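Each chain, written out:
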Amino acid sequence: MNIVKQSVWRAALAGTAFVALMGAAWAQDYNQAPMLDPLVADGTLPPVADRLGANPRIVAPVSEVGVYGGTFRGGMVGGNDRNLLLKFTGYEPLLAWDRDWTGAVIPNVAESYAVNADSTRFTFTLRDGMHWSDGTPFTADDIAFFIQDILPDPLLFPSKPTWLLVDGELPGIEITSPTEFTIYWSKPNGLFISNVASVFGTQLTMLNKAYCSQFLPSYNPQAEAIAAAAGAADWSEHMVNMCGVGIENIQRWRNPDRPTIEAFLITEPYEAGATRVAFARNPWYWKVDTASNQLPYIDAATFSVNADGQTVILGVLAGEIDFEARHTTTAANLPVYVEGQEAGNFHIVTRARPISNAMSVGFNLTSADPVKREIFGARDFRIAMSHAIDRQAMIDVLYFGVGEPKQIAPIAGSVVANDRLANQYLDYDTDLANRMLDEMGLDQRGSNGLRLMPDGRPLVVSINAIPALGNAVDVGELLVQYWQKVGIDARLVSMDRTRFFEEIRASQHDVALWPGTSGGIDALLNPEDYMPFSEGSIFGVKWGQYRVGVAGGEAPPAYLQDQWNLYEQIKASADPERQLALFQQILEISAEQFYGLGISSAQPSFAVVSNRLGNVPDGTPSAWLYPDPGPENPEQFYIKP
Amino acid sequence: MTAPVPPSDGADLLDRQTAAGSLHAAGQWALIWHKFRRHKVAYASLILVGLIYLVALFAEALAPSDPGKFDPRYTFAPPQAISLFAPDGAGGTRFVPHVTGFDITLDQQSFRRVFVPDPDQIIPIGLFVRGDPYRMWGLFDTDLHLIGPLDPGQPMFLLGADRLGRDLLSRIIHGTRVSMSIGLVGVGLSLFIGMVLGGVSGYYGGLTDRAIQRVIEFIRSIPTIPLWLGLAAAMPKEWPPLQVYFAILVILSLVGWTEIARVVRGRFLSLRTEDFVIAARLDGVSEYRLIMTHMMPSLYSHIIAAITLAIPNMILAETALSFLGLGLQPPIVSWGVLLQDTQNLRAITQAPWLFAPGVVVVVAVLALNFLGDGLRDAADPYEK
Amino acid sequence: MLRYIVQRLLGMIPAMFAISLLTFVIIQLPPGDFASTYAAQLAETGVTVDDAAMQALRDRYGLGDGLMVQYAKWVGGILRGDFGISFEWNQPVNQLIWQRMGMTALISVMTLLVMWIISLPIGIYSAVFKYSVTDYIASVLGFLGMATPNFLVAIVLLYISSMWFGVSVGGLLSPDYVKAPLSWGKLVDFLSHAWIPVFVLGTSGTAALIRVMRANLLDELHKPYVETARAKGLSETRLILRYPVRVAINPFISTVGWVLPALISGELIVSTVLNLPTAGPLLLQALKSQDMYLAGALILLSGGLVLIGTLVSDVLLALSDPRIRLS
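Protein chains in written order, with numbering that gives the first Met the number 0: chain D, 0 to 640; chain F, 0 to 383; chain L, 0 to 326.
Simulated from the structure, these hints should not be mistaken for laboratory data.
Treat the hints loosely; a few may be bogus.
Said to hold, decoys possible - Taking lysine-lysine and the DSBU-like style, the derived pairs with C-alpha atoms no more than 35 angstroms apart in a straight line are:
hint	chain 1	residue 1	chain 2	residue 2
1	D	159	L	72
2	L	178	F	39
3	F	34	L	222
4	D	371	D	484
5	D	159	D	186
6	L	129	L	231
7	D	570	D	186
8	D	639	D	159
9	L	185	F	34
10	D	639	L	129
11	D	484	F	39
12	F	39	L	129
13	D	371	F	34
14	L	129	L	72
15	L	72	D	639
Unchecked claim - Which bits of chain L does chain F cover? Going by a derived footprint, with three or more residues having C-beta under 8 angstroms, they are:
hint	region
16	146-157
17	260-273
18	293-305
In this text the structure is predicted, and so the values were computed from the model without any measurement.
For glycine and all other residues, C-beta sits at the position ideal for the given N, C-alpha and C.
Isolated chain D (complex conformation):
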């Protein structure tokens, strides 16, 4: 029922002209939250139609038109959970993903866009009369402020976001009118529109020029003095403190004075020692529902700050948290939630996880140890190790039998799926594994009965795993037992994140365990699991570093250079069909090379939703590039009276 409704609306939204028409037709009779009525009456706020502008975005409610009022209650964990807030209220890119994440983009801040034939120039049209939360107009100048004044600054952006770089070149911008601008490069950027709709794209609409420029010396000669007066080390530190600047800066959730275009405005900042973070509705929010009600429905949102996930679970069970989809929605906790549903008055909805594998097992192909590099680099070695694992048993233990034995690959059924990459070398066959290991020259055994390396040293394979990360340590413990059975002296090393990444950056690890990443349509944007691509490619870090230009990188072998070249062709293409075809060529090389081992297809995740919270969809995806619930439009969640 809901699904039908949704798809009707997707069809409706596909034509931007149609949306513009509807907006204009309804401009006279918008409704607003009752709490805003007195503010309009006493002149603090202009009437709702004036605040919305000529062409607000129309958001189709997931299930039904909601009612105004109420407070949304969430739970955060730890001092570094800024991205929970980003996912809840920070997803306001120029163009947005559709709710089902088919890969299509729909209008959001921009009402329409156009791309030239060779994907070098991207022209966006903004909504006429859209405002920041302080009532000032949102214009092309604000976008240009980021691209011209903030992005190039070495203090504010010492590392440039890679999605904005084309061959090291930063974008330029041309403003044709307050509502129209063009972003361009000298070379093609075929993935730009997808990136704009991803979580990264929220960067472009984050900064209000009028407010934030006061902290910049180029706009305000007093900037240094203001920074010093506020106790900051320099103007850039003060700028970050006041405006946040980057999408992941924690400071953006601190300053209630900073104008935003988001549905909720911070009222109790996320700072150290805070036991909760709170938001209130943005009266200038520029979206309406299908019945001309200004969004959001909900008046306010609060998030408790928890030291540990267990109190979040307890909060859900006790009916104190309305929505949780981030810290505790693991298979291990599912039985607890299922059992507590009735008493806690909540229900569970599924969330697809389009990731390449439940856990990727990355042998370090660029190991700092030359002998190990040779061994790990041998494809037969990795194939043997793959045959040494009983995946079905692991799935039964770790994932309660949910999931299929798979290698690291885009998920089955997606437009980027590759059957060979996903399904090769999956059989559990210790004889075969032993034979292959013997044949490749690892047939010498030490006094403990385990294999020696060709130089006579014992072949010790450390498996690095982070305890805090899902069940990585459990996976590691099982891998140790399987690999010991074929004579490999595998050892589990559990370590914290910092150490984990330090070893990876230095390429000192043997095997690292990390959940698979982009395995859906986002594989095109982030193919790090399918070839050494960045530092996130834990199986070929040195090559990844070479590609992104980090010191210490090593030049790639020929097959990898081929993959990189193919990827550059994807970026140069504006044709989605051709991009997918090229990507299949990349995946064929990945299948040939068999870079890393996978265990199981990813298990679906879930979200826990209070029964009093309406309009939360079921079955939508969950990923970093699709920062749920952001693309599900939390502004149309409502509290049932």
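We have chain D; now place chains F and L onto it with these hints.
Below, chains F and L without anything else, positioned relative to chain D:
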């Protein structure tokens, strides 16, 4: 001191009179032992502690299975009870020590296995059965286990299974070795530092004494957990588990020695003025000999009491560190590592048997405390 | 008296200095620094921090300086009231520790008082009725509290209080009361949350206090002045409460010196489980992410709290017993 003595009959009284007669000639240890034995709780605790250390010593043989052996079929299997008799099929019963098997269904909605005991599935168990192979004390290979299912393939989870279907009882038994040895070795280390510094402090007195006392006061004034946390966080992460184990021992001992030093110093101070020490010194006995052969023996009883009381603190400290994720790490199994599994609502609501290691910790710590208490009381046999 | 207090205060200076040195060593020990932690964090969301950016970060926070320079800067700053900056929170440490330390002190002192209130009468009773059934039960219960790991009890109690009694989960106040002005309702709400940490922390130390009180009182009960008083026909209750208890209570008060550090330690664990707005969770997180100045300030102040607690108890003792001032 009047220890609680149960009402005695005539024979007992006679025994005690005879014993009392022999006490006049008894040595120090005999006196302590005599006094200690009258403290019933402490005496029982001594036996219990002895048993626990035996478990630690023979962990491999006592554990029904390998502590790391996982089984996909039995994740979160509840404990099974041992029954001695089973129906013989002809309406009567026969003697078959056994546990009852499970009917296992997978609850698709909640990703959970539901275990229903099935009385028809009888899994015979026995003593000294063959099971998972192991290497005893690194000396010889065997697969003999004190208790286990006759068919090693069948499930026997006397205390239930954990999230990977590992036998909790076997894990607790193996954890006993790590946890109890952390206590013992850690205290040994503390003892060494404490004896040396406490002895020096008490024997020489004066400025040395004051300096060492300042250090002790200082260390005791620092809240220990932040200190341990800091030190544990400082541990290089590439250390193998065994090295981490020893590092944690050292960390715990760095704080633990102060109490022992305090006791040693106090005794030294009072012994210094005892006639026999002065006599020995006037006799020209060397300082080393004076301390080691004359003073130390009268300290042993106090020291034993002090270390007995320090062991439980070490054990609790290890559980705390492991709980905070800064202690021992898998695959090493300690009670603290096992208790990490209880810190979630899953364990509380659906697998309460995971709290069994907690009960074991409480019992062990209680026993050690009562034992230490009794020893302390008995340490001064000449006191009333 | 004033002279005594001043003397004690002066004595605290070298102790604080020593604690600061030890603290600094501890926060410097872990390999790596915040820059590497930060890079690791960003790596999770696919952002690469290149070496230049790492260097910029290190320069900004002075992480590249020599150890002595860093220590001098740190202590120098503290003397001026500046505890440095929390890297993770990007805020001056000053802004975030005081309220949390205050809460830690509040919980610790509350627990201390509760422990005294419980252990004093039981200790007296156990001494007077030595080896009675009650004496045994008290010591068994006390030992049981001591033997049970704090965190084990904490999460079970938290579950019971929120699922069975409907107390809001975690924290020390319900969300509605956090910003509310002081009122009876707020106090009741506070107590309905605070009893768990107080109980959990209290159980672990009460046994020891009971034994101290019992032992002290036993020593006194055999002294001749007690016999004299008894011979004079004083009622037993008055006799015990008036004289021996008053003498035995002095060493009892001086237990602050070792009870307080244990409480602050235990608080750290318990508050992490219970999600209390105290120093514990903040410190744990800071240690894990190498947020060194925040961790340093919290360890330093924990030490300071103990010194102050000891000082207060010593002053109380000195007030009640003039002999102590002279010795």
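Do the hints match the structure? See the list:
no.: 1; hint: D:159 <-> L:72; verdict: holds, 32 angstroms
no.: 2; hint: L:178 <-> F:39; verdict: violated, 56 angstroms
no.: 3; hint: F:34 <-> L:222; verdict: holds, 25 angstroms
no.: 4; hint: D:371 <-> D:484; verdict: holds, 20 angstroms
no.: 5; hint: D:159 <-> D:186; verdict: holds, 17 angstroms
no.: 6; hint: L:129 <-> L:231; verdict: holds, 24 angstroms
no.: 7; hint: D:570 <-> D:186; verdict: holds, 9 angstroms
no.: 8; hint: D:639 <-> D:159; verdict: violated, 44 angstroms
no.: 9; hint: L:185 <-> F:34; verdict: violated, 55 angstroms
no.: 10; hint: D:639 <-> L:129; verdict: violated, 64 angstroms
no.: 11; hint: D:484 <-> F:39; verdict: violated, 51 angstroms
no.: 12; hint: F:39 <-> L:129; verdict: holds, 16 angstroms
no.: 13; hint: D:371 <-> F:34; verdict: violated, 64 angstroms
no.: 14; hint: L:129 <-> L:72; verdict: violated, 58 angstroms
no.: 15; hint: L:72 <-> D:639; verdict: violated, 56 angstroms
no.: 16; hint: 146-157; verdict: holds (count 8)
no.: 17; hint: 260-273; verdict: holds (count 9)
no.: 18; hint: 293-305; verdict: holds (count 6)
Violated hints for the displayed structure, listed by number in ascending order: 2, 8, 9, 10, 11, 13, 14 and 15.
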